[in-house]
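K.L.:
Here are the chains, one letter per residue:
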Amino acid sequence: MNIEKQLKGRLTFITGSAKNAGKTTFLNYALAHLGGRGTAFMSVGVDGEQHCSLTAIAKPRVAVRAGDVFVTTDAMASVSDAALEAVQAFPWKTVLGRIGVFRAGRPGFAELVGPETNGQAAEVLAFLSSLEGVDTVLVDGALNRQTQAAIAEGGVVHVAKVDAQNFTSACQQLQLLAELSAVPSPGKRRTMRVDGALTAERAAALPEDAGDVLLEDYTKNFLTLAQWRRFASGRSVYFQSPFNLRFIVPVLNEVPEKEFCRALGPRAMRLVAPNPFLERKN
Amino acid sequence: MDAFREFAEIEAVLGHFRPLTPYGRAKKEEREFFSSEPALDAEYGLIDAGLAFIRRSPSAADRAEFHLKNIPALERGADFRPDITDILLCKKLLHHVRGLCAVVPPAFKKAVGFEWKSPRLYDRLGLGGGGETFYLADAYCPGLKKLRGEIRALDLGLEKERLAECSALKKKLGLDFGARQFLLLPDGHPACKEHGWLLFLERYDSSTMTAKPVHGGEFLSLSARREQLVREEKRLESSVLRDLASALNAESAVLAAYIRSVEKLDCALAKARMALSLKLSKPLFLSSGKAIAVRGGRLLPLEAALAAKGLKYTPLSFDFTGGRVAVVSGSNMGGKTVVLKTLAQLQLLAQCGFFVPADAFRTVLFKGVYYAGYGVQAQTGGLSSFGLELHSFMQSYAVKERPCLFLLDEFARTTNSEEASALLSAIIEAFSSDSGIYAFIATHFSGLRAAKGSAFYRMLGLDGAALAKRMRGPRRDLAGALKTINQHMRYQLRRDAGKTKIYDALKIAQILGFDGRITSRALKIMEETHES
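Chains as they are written, first to last, in my numbering: chain U, 1 to 282; chain L, 1 to 532.
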C-alpha cells in the first residue's frame, strides 16, 4: 500500500483506538514522506508533548520541515526551533495560549495544540484548505475523536493498538470499522431515516418492515460487531455521510502478526497497511 | 424596551443587518437607541455615504467588503504582548485598514474618521514580507542573520551526519531507517546481536525490540551547538518582539482610532446594503407635537409570511393628524395590531439609526418607547395576564422622560368590558393631558370617551357585500379560510367618531367554519339584544 499516494492531495483524519495508540508516531512518519510540500497538519487536543499529561508515557514530538504549515498556540510557537512565520491567529484561547497557524522556516520540532471544539476545528480546517500551496491536510485526533472525522469531507486512517489483553475486542472493532466503511450513501433512494445514535434498543425497536435505513454517519453506530451484522442482515443500510476509511495501521504488542491476520479476516485485512516501522527478518 | 422590541418583531428585521467585522458585530449587539437628533443625523449621513459608495463604485465597495471581512479582532484597551500572534494581528489590522483607505472615497473616509497614519509602522512590521503573515526576519536584528546562517549550516551538517549514520547502518546491518526515527526488530534479527553499539535497543514486547540509531560524537556535538544557537536566537527574537510590542503600544491611540473607523464604516455599509435589499427609506423627524405620518409602511416579517402563502399584503399609509393619542378599533383579524406593530417597527428602526421599510415615514424623536398589552412578559411571578399588563404599564408610565411613545395593544382584554372601557377612557384622558405623550391604542372595546388631543380611527374591516357574493360556504381548510379573510378584509384606516360598532366577528367565525348552529343562534341573540 502506497501510504503517500493515499494521503497526498487529501484531507485525512488520523484516529486512534485509544490514547497512545501511535497516532503521532504515524503522523511523523507520514510527514516525513509528505512534509514541506504543500502539507498542513493539526491536532485536536494537545499532542506532540514529550510526555502524555494523563499517562506520563513518553510521546514523540512532531518533526517539522521547512514549508510545513501547522496549528499550535503562540506559547508553543515561541519555544519551537523551526523559525516560524505566523500565518493566522484565531480568537480562541486555550490554557496553552491562542490558537494560530504557523509555517516552518527550517527543520525543527513543534508541539501541536489544536482547537477544543468541533466548530473551531471546522473553521481551522477551512482556513488550512484555503491556503495557497496547501493541498494535503492531516489531522491528528487525540483519544478517539471520530466525531471530528465526520465533520468535514475527509478520509480516516485508523491507528489501532492491539495487545494480548484487548485482542478479541480490538479485532472485532476493526472488523466493524471495515464493514462500516463499506456502507454506501443513499443517492435518491427512499429510506427510513434514523436520527441520532443507533443503539441496540433503537435497533430492536425498528419495525421489521422498515425497509432501507439511513443513518447520519458511522459515529452514530453504537452496535457491536455481532449486533451490527444482525441489524444489517436482511435490509440495506446507508450513511448520509459515508465513512471513508483509507486504511488501518495496526500496532501489535505481544500479538503475533499471523494470529492477527487470521482473527481479522480477509475483508478487514484488505484495509490493513503494514506497520511502517516493523522490520521483517531477512 | 424589551417588550417594545419584542412587539415590534425587530430581531427578524435586524437579521438583515450583517456587519462583517468583529467590531461591527459587537456594535450590533449593543442595540443602541438614539434619542438625539444630531447623533441620528450622523448615522443617516453614514448610510447615505455608504449607499453612494455602493452605487457609484460597486467594485471598490466589493474590495472594501473583502478588507472588512478580514479585519481581525484585537482586544480593545489591552496592551500588545511581545508575542508573534499579537504582532501578527496588528499587522493584519494595518494591512486591511491601509487597503480600506485606498478604496473608500475621500468624503466617506472623512465621515468615518479614516486617516492613514501608519506607513512607517506598517513597513516595520513588513520587514519579513508583506501581506497578512508575520515573520521575524533577519532584518529586524543584525545578530539574527549571522546566527541563523550558522544554524542553517549546522542543519546541513546534521543532515549529512544522519545520512552517513543511516548509510553505515544499512551497509553493516541491512537496516534502512530512511526517515524513520526507530524500527521494530523481531527477536532473532541479526541486527539485534551484531549492531556493534550502532543501535540503542529497548524491549518492545516479548518478541520484538525497538531499535534507534546511536548518534556519533560529531552528530551530538553539532546538535548541542545548534541548541545553544537556537537559545541565543530566541533571546534576540524576544528582544525584537518586545521592541515591536512597545512600538505598537505607543501607537495604541492611532490603532484604537482605526478600530472606531472600521466599526463605523462596517456598520454604515451593512445598513446601506440592508436599505438596498429591503428597499428602505430615510425617516424624517419632526418637532414634538407634529403628527406622525406613514406612506407605504411595511411590517417586514408579516409581508414575508404573507408572500410565502401567496396572500396579499396591504402597506400602511396614513396621517395621524387627529391628535397625539390615537385609538384604533376594528374587527378581529382586521389589522389593528398590525398597524401598531408597523408603527413600532418603523419607530424603533428609525431610532436605532436604520432606514425604514416605508416610502415615507415622518415621526417624532422620542426619549422612550413603551409597550403594554397582549403578550407582554414580565419578570414578576404570581400575576395574572391583566396584572402583568398593569405592572408593565405602571413601570413605563412612571418614567418621566418626554416626549415618549406608548403602544397599547388590546390592553385589559382579559377583564370585563365595562371596567376595561372605563380604564382605557381614563388612560386616554391621562395621555391626552400630557403634551409629551404620543400613544396608539388598539382595542376592540367600544364606548370609549374621547379627550382633547385624542382621536379615534377604525379599520375598515370585512367587505361584507363582496364576501356575500363570492362565499359559497365555510372553508374546510384553515389555509383556504385565511385566504378568504385576506381577500375580503380591507386593511385601511379611517378617522372615526369612536361610536361605530363593528360586527365582523361572527362573519369571521363562519368563514373559519365555526359550528353553524352556534353562529346562527349568536346572530339571533344579537338581533334580540338590539331590539331590546
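Heads up, some of the hints might be wrong.
[As the list claims (entries may be wrong)] Which chain U residues face chain L? A few, computed with CB under 8 angstroms, are given here:
#: 1; residue: Asp74
#: 2; residue: Ala86
#: 3; residue: Ala89
#: 4; residue: Trp92
#: 5; residue: Gly100
#: 6; residue: Phe109
#: 7; residue: Asp209
#: 8; residue: Ala210
#: 9; residue: Gly211
#: 10; residue: Asp212
#: 11; residue: Asn253
#: 12; residue: Pro274
#: 13; residue: Glu279
In case anyone wonders, no lab produced these hints; they're calculated from the structure. For each residue, glycine too, the CB sits at the ideal point set by N, CA and C.
K.L.:
The structure should be examined with respect to each hint, and the outcome stated for every one.
P.N.:
Here is what the structure says about each hint:
no. : hint   : in the structure
1   : Asp74  : holds (4 angstroms)
2   : Ala86  : holds (4 angstroms)
3   : Ala89  : holds (4 angstroms)
4   : Trp92  : violated (11 angstroms)
5   : Gly100 : holds (5 angstroms)
6   : Phe109 : violated (10 angstroms)
7   : Asp209 : violated (32 angstroms)
8   : Ala210 : violated (32 angstroms)
9   : Gly211 : violated (31 angstroms)
10  : Asp212 : violated (33 angstroms)
11  : Asn253 : holds (5 angstroms)
12  : Pro274 : violated (11 angstroms)
13  : Glu279 : holds (5 angstroms)
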